[in-house]
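One-letter residues, chain by chain:
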Amino acid sequence: MSKKTLQKKQLGRKTRRQIPEGQEEEFYRAGQWQLVWWKFRRHKLAQIAMVVLGILYFIAIFAEFVSPHDPLHRFKDYLSFPPTAIHIRDAEGRFHTPFVYGMKMGRDPNTFRPIYEENSSIIYPIGLFVRGDPYKLWGLIPSDVHLFGVGGGDEAMPLFLMGTDTIGRDVLSRIFYGARISLSVGLIGVAISFVLGLLLGGISGFFGGVVDEIIQRVIEVITTLPTIPLFMALAAALPREWPQLRIYFATTLILSILGWTGLARTVRGRLLSMREEDFVLAARLDGESEAAIIARYMIPGFLSYIIVSLTGSLPGMILGETSLSFLGIGLNPPTISWGVMLQDAQDIMNVAHYPWILWPVPVVVLAVLMFNFLGDGLRDAADPYVS
Amino acid sequence: MSDHVLAEIKNLHTYFYLAEGVVRAVDGVDLTIKAGRTLGIVGESGCGKSITALSLMQLVPSPGKIKEGEITYYQTIHKTESASTSNVIEITKLKPNSRAMRAIRGNQISMVFQEPMAAMLPVRTVGAQIMEAIMLHQQVNKAEARERAIDILARAKLPNADRIVDTYPFQLSGGMRQRAVIAMALSCNPNLLIADEPTTALDVTTEAQILDLMRELQQQYNMAIMYITHNLGVIAEMAQEVAVMYMGKIVEQTDVASIFRNPLHPYTQALLRSIPQLDDVMARAGQKKRLETIRGMVPDPYSVLPGCSFHPRCPQFMEGVCNEVEPAVIEVEPGHIVRCHLYASRTTKARAN
Amino acid sequence: MTEQTNIHSASQMQAQPPLLEVKALKKYFPIQRGFFKRVVGHVKAVDGVDFYVNEGETLGLVGESGCGKTTTGRCILKAIAPSSGEVWFQDPQIGRINVAELEHEQLIQVRRNMRMIFQDPYASLNPRMTLLEIVGAPLRAMNIAQGKELEDRVAEMLRRVGLRPEYMRRYPHAFSGGQRQRIGLARALAPNPKFLVCDEPVSALDVSVQAQILNLLQELQEEMGLTYLFVAHDLSVVAHISERVAVMYVGKMVEMATTHELFMAPKHPYTEALMSAIPRPDPTPREKRILLTGEVANPANPPSGCYFHPRCRYVKDICKTEEPAFEEISPGHFVKCHRAAELNLSGVRNLA
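Protein chains in written order, with the numbering used here: chain A, 1 to 387; chain B, 388 to 740; chain C, 741 to 1092.
The reader is advised that the hints may include incorrect statements.
As the list claims (entries may be wrong) - Label pairs and their in silico Cβ distance ranges: (1) B:R677 with A:V51: 54 to 60 Å; (2) A:Q47 with B:A715: 46 to 52 Å; (3) C:G1034 with A:Q34: 50 to 56 Å; (4) C:P1042 with A:Q47: 57 to 63 Å; (5) C:Q772 with A:P333: 44 to 50 Å; (6) A:P98 with B:S485: 55 to 61 Å; (7) A:V51 with B:E407: 58 to 64 Å; (8) C:S824 with B:V409: 37 to 43 Å.
Said to hold, decoys possible - Computed far set for chain C versus chain A, every beta-carbon distance over 12 Å: (9) E826; (10) E845; (11) E889; (12) P912; (13) E1001; (14) T1061.
These are calculated hints, taken from the structure and not from any lab test. Each residue gets a CB set at the ideal place from its N, CA and C atoms; glycine is no exception.
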């Protein structure tokens, strides 16, 4: 018996052991996705990543509701306001539910920078489902209820958990709204890469010959181009007067130009190796049509690989958007994205005095890391039949 | 040479600790390897024969561990032509990556695998790899090492050894690669060669060549061979002593003639009857016949069966005995041991497990 | 009947023609180089092979790896299109036809009766399909059965190969190597075929499981009246299961005879070397075996004359220049050797 078969055999037994006693039949009848899920479940980090990403996307979807403020609302009395301190114990030592003190703005007599002082006589409790800036959820449902904030109308001290930027907008709310753009750029970019990669990789792998040769050379040329200059060149070519929405789609398109090549190669490679599989030959001898072989035998065989490849390319897309927007050649205000927010950080003095405007950075890092962890877990689980 | 003991394995247990459970790959193995002799270990896949060999080399892959047992290696040091002393090395007490262990591996004991490519780096020439092994264990310069490499390749019957020395492994055919690997294994005159299915991937005619070569080199170098295979035919040709393994245990052990002429353990008997025998086929002259089979299949490696591990498949199963009491090792005849309740009364010397 | 070649002479020209007759079968794989895939040569995997298989018998096809035996098996079903040659099959529905010329519908039709089982029980089953889908695939794709009827037939097939019909909803990962081989067998037998190409069906299995599968093959052969082409490299196994054996060397057929005759009195020096090399589970010392020298010829660049001549102990000048014919030297015994008539070669010795 060959070593390879042996390994496979042992692996089969190993996988069998992942299920508790008495549930063998369930395991024997488990299809591909069930097995993938079982294997994925053993990857703790990936599961944590999945939860974190779930929360991030929840925030992105319900940004209006979870944000304490309108991201475009300028609080003129609170310019460059530092993150609000939350207290549970007041000056007299009594405990409360979390609250904030009222604030007084003054100015530094030398630099004219705003200085804020806590006024410990006024207490504003932090509440859930408080009324605040009016909004329309997804532009449809009007409301003014926010998940959390400081109630008490216009006179109350607003809650700025991450501070405000130089023109008095709440950084946290902007991060929440920015997630909408920054996290969806990846998804849409990946969707475009998916279609391109599957189509071109499929053509390449299935027809082979000259078509394959040409597509492969094109991929090679694209992958040799240096990323940032290429992005910059393409982004610079976008007309400035385009509406924001169109710029947004154009940017994702640019990002996906690099994304598809890797996927196309994966698809092609899998197709080529699958054509040689014994079970594909067996299917042909069973009288299955070429279309049925592709649909029933080959695509299910590499779908999981494609998902892995896609998850792997998401962080790149998020980083791409962030860097392009940071450089001012991607999205621009008034659109809110993490990259756009970081444009403020281009001024080193701003960063020095108001470091909280860098909050989008750890958020980007978190999102990218979580996608990487998720990708790792998926890669391990992708093919439950081989090691 | 004399029948002196080269290595001894006592009560070896090598377990694999996996998330899914413990695999008792080797579960109480005793073996004695005598200098200059060939010990064959035969069994089906997963019976623990390869892991026994890897344990001997301290090369058990993670998450496997030698849980219990002793492996002793008796190293002969030639002080002068006539006088020599023996140096006792407790292999199980050495750290797998220690200097002492590395000095044994490759130098005293070396190994040949089923896949010759697995033992060779594809990016370096055959000669460079053999020279490296020689220079690692012996104080010779590059030119001398090269000369020895050519010499050893020639002894492994590789044609044009002085040219082969500069070729890359992929330029050789399967049989030639296996010869080169054997040459590499022999480059430091080991006292023990562990051969793990070295001919399984080869064709019969090539297999015959390699077996012939190994026997010849064994004579030349006076080394012991531990030959691991599932092929009973190869065992018959190569081994002087045979151990049959089933689920991590040696179920029967004796000299090669007895194992084929007078097999005692029901597993050995069934194994021998389940392979097509050419003489038998020829004697039938065209008449078809069914083979005898062993019912069922090898159990899941995670399972621990009470009593004898072969009992669910055994044709001579005794209810209440085989499935409850673990059989002891019984020496039925001098030098013929078996682990089976059938022979409990015929024992000349029984020892508790 | 078509024109006669030397392959089917009077000896086997009985009332019944052979179920399968392969004539001058060739399969060359092009060697391509460079960007434009220029063909710079050919690997002659199968280089003019003639043989026949009678109804109800098992023909063993042996040879060393790379000799073209697997390719031959695949060409017969046109799983790989042969470069040239004829594959005449006596189809019970269509009648005698040349499979090598068939296309599309007709090919599917004939493949109901010619099926194949594979070596690797792991690679040959789609891990993403249940047993019902796997075994039912030929029935569905060939429009033989569907729905409840298909399920019933799958259940029947599983029972036949020794598996429980309740396993139908399971996936292959629930089964061991031997059981998977049974599944592959059930799939092959589902359309009720006449002829089976068995491509090394037991060489990936453990000894004890191997015996189970060999017995099953024999039982099914008797029950269903099957004919096997049994491709393998293990000569003991081939001897056990085959009535006749054919030996291939570097893409060519070198000898074909009944099992007993081929093993006991081989006529080709290569067969003799093969017989001598078989490892036998018998510790009795035997006479010095014949060890072949040199390497198997490269099928992309084979030697002149007889391909075996550089390694042959009995080589003469004619062997180096002229290719011998594959001739019937005694009834049913075909050899491709110039010296077949004069040489007295030794086979396996009968010790029983």
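Interface-negative label, E845 (chain C) against chain A, beta-carbon threshold 12 Å: With a cut-off of 12 Å, E845 (chain C) comes too close to chain A, as the shortest Cβ separation is near 10 Å.
How does the Cβ-Cβ distance of P98 (chain A) and S485 (chain B) compare with 55 to 61 Å: does it lie in that range? holds, 59 Å
Minimum Cβ-Cβ distance from E1001 (chain C) to chain A exceeds 12 Å: Non-interface label stands for E1001 (chain C): nearest chain A Cβ at 32 Å, farther than 12 Å.
In terms of Cβ atoms, is chain A entirely out of 12 Å range of E889 (chain C)? Correct as stated: the minimum Cβ-Cβ distance to chain A is 17 Å, above 12 Å.
Would you say the C-beta atoms of P1042 (chain C) and Q47 (chain A) sit inside 57 to 63 Å of each other? holds, 59 Å
Quick one: are G1034 (chain C) and Q34 (chain A) within 50 to 56 Å, going by C-beta? holds, 54 Å
For R677 (chain B) and V51 (chain A), compare the CB-CB distance with the range 54 to 60 Å and indicate the outcome. holds, 59 Å
Taking 12 Å as the cut and beta carbons as the points, is P912 (chain C) off the interface with chain A? violated, 9 Å
T1061 (chain C) and chain A, when compared Cβ to Cβ, separated by more than 12 Å: Consistent with the label, T1061 (chain C) stays out of reach of chain A, its closest Cβ about 39 Å off (over 12 Å).
Using the Cβ atoms, figure out if S824 (chain C) sits within 37 to 43 Å of V409 (chain B). violated, 59 Å
Non-interface label on E826 (chain C), tested against every C-beta of chain A at 12 Å: Label holds. Min Cβ-Cβ 20 Å, cutoff 12 Å.
Cβ-Cβ distance between V51 (chain A) and E407 (chain B): within 58 to 64 Å? violated, 25 Å
The structure fails hints 5, 7, 8, 10, 12 (numbered hints given earlier, in ascending order).
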